[in-house]
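Protein chains: 2
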Amino acid sequence: MGKTKESFVNMAVDKYLSLLRPYADVEIVTVKEEVVKNKNAALSKEASRILTKARHFVLLSERGRLMDSEEFAGFIDKRRDVTFVIGGPYGVAESVYEQAETVLSLSPMTFTHEMSRIILLEQLYRAITIIKGTRYHH
Amino acid sequence: MGKTKESFVNMAVDKYLSLLRPYADVEIVTVKEEVVKNKNAALSKEASRILTKARHFVLLSERGRLMDSEEFAGFIDKRRDVTFVIGGPYGVAESVYEQAETVLSLSPMTFTHEMSRIILLEQLYRAITIIKGTRYHH
Chain A
5 MGKTKESFVN
15 MAVDKYLSLL
25 RPYADVEIVT
35 VKEEVVKNKN
45 AALSKEASRI
55 LTKARHFVLL
65 SERGRLMDSE
75 EFAGFIDKRR
85 DVTFVIGGPY
95 GVAESVYEQA
105 ETVLSLSPMT
115 FTHEMSRIIL
125 LEQLYRAITI
135 IKGTRYHH
Chain B
5 MGKTKESFVN
15 MAVDKYLSLL
25 RPYADVEIVT
35 VKEEVVKNKN
45 AALSKEASRI
55 LTKARHFVLL
65 SERGRLMDSE
75 EFAGFIDKRR
85 DVTFVIGGPY
95 GVAESVYEQA
105 ETVLSLSPMT
115 FTHEMSRIIL
125 LEQLYRAITI
135 IKGTRYHH
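From first to last, the protein sequence lines stand for chains A and B.
If you read the first sequence in our numbering, its first letter stands for residue 5, the second for the next number, and so on.
If you read the second sequence in our numbering, its first letter stands for residue 5, the second for the next number, and so on.
Isolated chain A (complex conformation) (with noise of 0.2 Å):
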């Protein structure tokens, strides 16, 4: 939801998809984040924006299930084709949590949907480096 304007989320966002590449096909989509006066209504108007491009698809969430760095490779390596939603600064509907696959945590913090944006495809690369053997994860 919503493009970034701070470098460092936009540079680190670049070095994880060069890293992820050579071993899948990952795409960022981004949606239009909608002007906050209502937050309800705004929230609506991201989900319906959300739920057109995204019919199957795992919500991060701090409410959602938390995992560690292992189970989150068994949960990426059984599938063929995932995406994952991350909302804007206020979150997303509760018609969003209620579409979505899986909700997953990759906290009990509450952290910045840019930080999260990092910290998924980190710990995508992370997963394909457990799944693989290789030697990035200690």
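Among the hints, erroneous ones may be present.
Intra- or inter-copy, both count: the list cannot distinguish identical chains.
Unchecked claim - Think about it this way: if two alpha-carbon atoms lie no more than 30 Å apart in a straight line, the pair counts; the simulated BS3-like pairs of lysine-lysine are: (1) 19 <-> 9; (2) 136 <-> 43; (3) 7 <-> 19; (4) 19 <-> 41; (5) 36 <-> 19; (6) 136 <-> 7; (7) 49 <-> 36; (8) 136 <-> 9; (9) 19 <-> 43; (10) 19 <-> 82.
By construction, these hints were calculated from the structure, which means they are not laboratory data.
Following the hints, position chain B against chain A.
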């Protein structure tokens, strides 16, 4: 443990340091990383470097206690002074675990020690906004 050459990490660290500095005295102490030939020997040398710099500290480790951002804010709020230790890519020796006042986990997932630096600083800033009741934390 160790300087980072990763520019996105340095940019993110600088960003959160400048957000934190109006509210807190924050100092980052970098401890020299050991070249790893024998892992245990390297961790043990690093451990003595850490333990000469820090006596009372919170160790960050995925083996530690999980907290949500509100609990972490409460944890910070009770202390006048707090030192966090983040190990190197291979973690830290058991002697550092034994000396730690608290072992704190940012997530059950394994993060790089560089990502942990960014996440810790972001959580410290978030903790301050929670304590002060300002608008950053959603």
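How the hints compare with the structure:
| no. | hint | in the structure |
| --- | --- | --- |
| 1 | 19 <-> 9 | both (16 Å within a copy, 13 Å between copies) |
| 2 | 136 <-> 43 | between (43 Å within a copy, 22 Å between copies) |
| 3 | 7 <-> 19 | both (17 Å within a copy, 19 Å between copies) |
| 4 | 19 <-> 41 | between (34 Å within a copy, 27 Å between copies) |
| 5 | 36 <-> 19 | both (23 Å within a copy, 25 Å between copies) |
| 6 | 136 <-> 7 | between (32 Å within a copy, 29 Å between copies) |
| 7 | 49 <-> 36 | within (10 Å within a copy, 50 Å between copies) |
| 8 | 136 <-> 9 | between (34 Å within a copy, 26 Å between copies) |
| 9 | 19 <-> 43 | between (33 Å within a copy, 27 Å between copies) |
| 10 | 19 <-> 82 | within (25 Å within a copy, 38 Å between copies) |
Violated hints: none; the structure is consistent with every hint.
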